[in-house]
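There are 2 protein chains.
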Amino acid sequence: MIIVKVGGSAGIDYDAVCADIAALHKAGQQLILVHGGSGETNRVAEALGHPPKFVTSPSGYTSRFTDRQTLEIFEMVYCGKMNKGIVERLQRLGVNAVGLSGLDGRIFEGKHKDSVRAVENGKTKVLRGDHTGTVEQVNTKLLDLLLGAGYLPVLTPPAASYEGVAINVDGDRAAAALAVAFKAEALLLLSNVPGLLRHFPDERSLIDHIPADQVEDYLAFAQDRMKKKVLGAAEAVAGGVGRVVFGDARQSQPVSAALSGTGTVVS
Amino acid sequence: MIIVKVGGSAGIDYDAVCADIAALHKAGQQLILVHGGSGETNRVAEALGHPPKFVTSPSGYTSRFTDRQTLEIFEMVYCGKMNKGIVERLQRLGVNAVGLSGLDGRIFEGKHKDSVRAVENGKTKVLRGDHTGTVEQVNTKLLDLLLGAGYLPVLTPPAASYEGVAINVDGDRAAAALAVAFKAEALLLLSNVPGLLRHFPDERSLIDHIPADQVEDYLAFAQDRMKKKVLGAAEAVAGGVGRVVFGDARQSQPVSAALSGTGTVVS
Chain B
267 MIIVKVGGSA GIDYDAVCAD IAALHKAGQQ LILVHGGSGE TNRVAEALGH
317 PPKFVTSPSG YTSRFTDRQT LEIFEMVYCG KMNKGIVERL QRLGVNAVGL
367 SGLDGRIFEG KHKDSVRAVE NGKTKVLRGD HTGTVEQVNT KLLDLLLGAG
417 YLPVLTPPAA SYEGVAINVD GDRAAAALAV AFKAEALLLL SNVPGLLRHF
467 PDERSLIDHI PADQVEDYLA FAQDRMKKKV LGAAEAVAGG VGRVVFGDAR
517 QSQPVSAALS GTGTVVS
Chain Y
267 MIIVKVGGSA GIDYDAVCAD IAALHKAGQQ LILVHGGSGE TNRVAEALGH
317 PPKFVTSPSG YTSRFTDRQT LEIFEMVYCG KMNKGIVERL QRLGVNAVGL
367 SGLDGRIFEG KHKDSVRAVE NGKTKVLRGD HTGTVEQVNT KLLDLLLGAG
417 YLPVLTPPAA SYEGVAINVD GDRAAAALAV AFKAEALLLL SNVPGLLRHF
467 PDERSLIDHI PADQVEDYLA FAQDRMKKKV LGAAEAVAGG VGRVVFGDAR
517 QSQPVSAALS GTGTVVS
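Top line first, the protein sequences correspond to chains B and Y. Start counting the first sequence at 267; every next residue gets the next number (my numbering). Start counting the second sequence at 267; every next residue gets the next number (my numbering).
None of these hints come from the bench; they were simulated from the model. Computed from a predicted structure; not experimentally measured. Hints may contain errors.
Pairs count within a copy or across copies, as identical chains cannot be separated in the list.
[What the hints assert, rightly or not] Computed list of lysine-lysine pairs in BS3-like fashion (alpha-carbon distance at most 27 Å, straight line): (1) 449 / 391; (2) 319 / 391; (3) 389 / 449; (4) 292 / 407; (5) 319 / 407; (6) 493 / 292; (7) 379 / 389; (8) 389 / 407; (9) 292 / 389; (10) 494 / 319; (11) 377 / 292; (12) 407 / 493; (13) 379 / 292; (14) 449 / 377; (15) 377 / 407.
Next up, chain B with everything else stripped away, as it sits in the complex (with noise of 0.2 Å):
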């Protein structure tokens, strides 16, 4: 089992990400895409009139606060628009896709959040309304379901509460605790950069390796997004999956080259 998570930052090619997915499903290789959606939910967020918020904890992690309506916009946008788009291209390559949302069948379960610690001109703050959470559990028996009968399934946050309440998670993260729940054999965390650079902005400085038991010493050379991804790869790591990649989904073969070591390999 293979895990390929793709971001929803500019640059990606969702195509070339379809179609390369299509020709390893075809070849009898057993997968689960899953996909994020921030930087369209930023833009039909500002169209609307609620424009993005996000928020930095006080352990420096960004994240967007989710309020009612922003869970709203996240759920058109990553479960209608990208989710239904992906399921699209593979259909239309011939591949019987299924699309759903951690919320379906329950398949990301964690805790609701319903406040946030957020640093704002220095000053930590409270703020309350959020609907965000962590996965902690996956519930593998509906995906064993489909995967058993040979259906190829497309998964996007948001995630469900105990209590079935639709939460904002990591996309990143969860796509890591589906790859432990599946003892996945690579779990591959494409972007729209080449990997993790040593010095950011600069591709030219990609670390082309990082030893499994060293993942969280690099997370000082993590920005921004990329952080929750070396935190993710740290968490598949300790949960047994074989290897984690940071790959570039703007080139062409985007998982083939990932697979094969291209990026950044944890191992």
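Chain Y: place on chain B using the hints.
Here is chain Y on its own, set in the frame of chain B:
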């Protein structure tokens, strides 16, 4: 098997629909929920600066002209906000719901109609770039798999063309095709009116029964969106569905009420 279709117009009480569905599901009733999202799609399309365009065919049926951008807005609302909102409500009620579009697993398939004949100012024009069609085939395999494992499927347009392209299809007629495919004992078409009215919009003029072999004669009483419900009912009863009920989704227990014959019963 009961197929429940709930519309997307103003006044519909989705909490009441979901509570009733949850109670029936827990009592062992096998059912599939199909939903729309037309009203909210219009609002979002206006807000995004791409207002909805409706066209009237020479035979008098009104439908949404669905260019590519409209299709994406349609998917955002139907597959994102509406579908996941309903799945979340059901999950909160302890029902393990799975939300899918007709693209997923190619549940709904039909021919892609790229052009549509429309009457404007008394003249018939041909408009191109449309992404619409009619459900001609229901692939029940994925639904059988889910139902067999105890999940409650929540379905919505779009459908897949035979080439895998997303196409906007009428939800009432899609639900009718689904009811025929499952040889359902009942198809409930719930919206924001009490049923078919002899003198629209006078709600006291409810037609309480239509003989199955005379459904098309009643098309004359149907206004706007009700026309496709009558057409769907005709297709359903012709295809062997026990009965079709046009019911009111603005009240408590709207599903049970329709099941017990409140509304317009076609049988």
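How the hints compare with the structure:
1. Taking the shortest Cα distances, residue 449 and residue 391 never come within 27 Å of each other, neither inside one copy (39 Å) nor across copies (58 Å).
2. With identical chains, the CA atoms of residue 319 and residue 391 are at most 27 Å apart within one copy only, with a shortest distance of 14 Å there and 46 Å across copies.
3. In this assembly of identical chains, residue 389 and residue 449 lie within 27 Å of each other by CA distance neither inside one copy nor across copies; the values are 41 Å within and 63 Å between.
4. In the homo-oligomer, the alpha carbons of residue 292 and residue 407 lie at most 27 Å apart both inside one protomer (23 Å) and across protomers (20 Å), since each shortest distance falls under that limit.
5. For the identical chains of this complex, residue 319 and residue 407 are neighbours neither inside a copy (35 Å) nor across copies (42 Å), given an alpha-carbon limit of 27 Å.
6. Taking the closest pair of Cα atoms, residue 493 and residue 292 never come within 27 Å of each other, the shortest separation being 33 Å inside a single copy and 43 Å across copies.
7. Only within a single protomer do residue 379 and residue 389 lie at most 27 Å apart by alpha-carbon distance; the minimum there is 20 Å, versus 58 Å between protomers.
8. In this assembly of identical chains, the alpha carbons of residue 389 and residue 407 never lie at most 27 Å apart, being 44 Å within a copy and 55 Å across copies at closest.
9. Taking CA atoms no more than 27 Å apart as the test, residue 292 paired with residue 389 passes in neither setting, with 53 Å inside one copy and 49 Å between copies.
10. For a Cα distance limit of 27 Å, the shortest separation of residue 494 from residue 319 inside one copy, 18 Å, qualifies, whereas the shortest one across copies, 42 Å, does not.
11. For the identical chains of this complex, residue 377 and residue 292 are inter-copy neighbours only, at 25 Å across copies versus 37 Å inside a copy, given an alpha-carbon limit of 27 Å.
12. Proximity of residue 407 to residue 493 under the C-alpha cut-off of 27 Å is found in neither arrangement, the shortest distances being 30 Å within a copy and 41 Å between copies.
13. Neither within a single protomer nor between protomers do residue 379 and residue 292 lie at most 27 Å apart by alpha-carbon distance, with minima of 40 Å and 29 Å respectively.
14. Within a single copy, residue 449 and residue 377 get their C-alpha atoms as close as 23 Å, which meets the 27 Å cut-off; across copies the closest is 41 Å, which misses it.
15. In this assembly of identical chains, residue 377 and residue 407 lie within 27 Å of each other by CA distance solely inside one copy; the values are 20 Å within and 34 Å between copies.
Hint check: violations occur at hints 1, 3, 5, 6, 8, 9, 12, 13; the rest are consistent with the structure.
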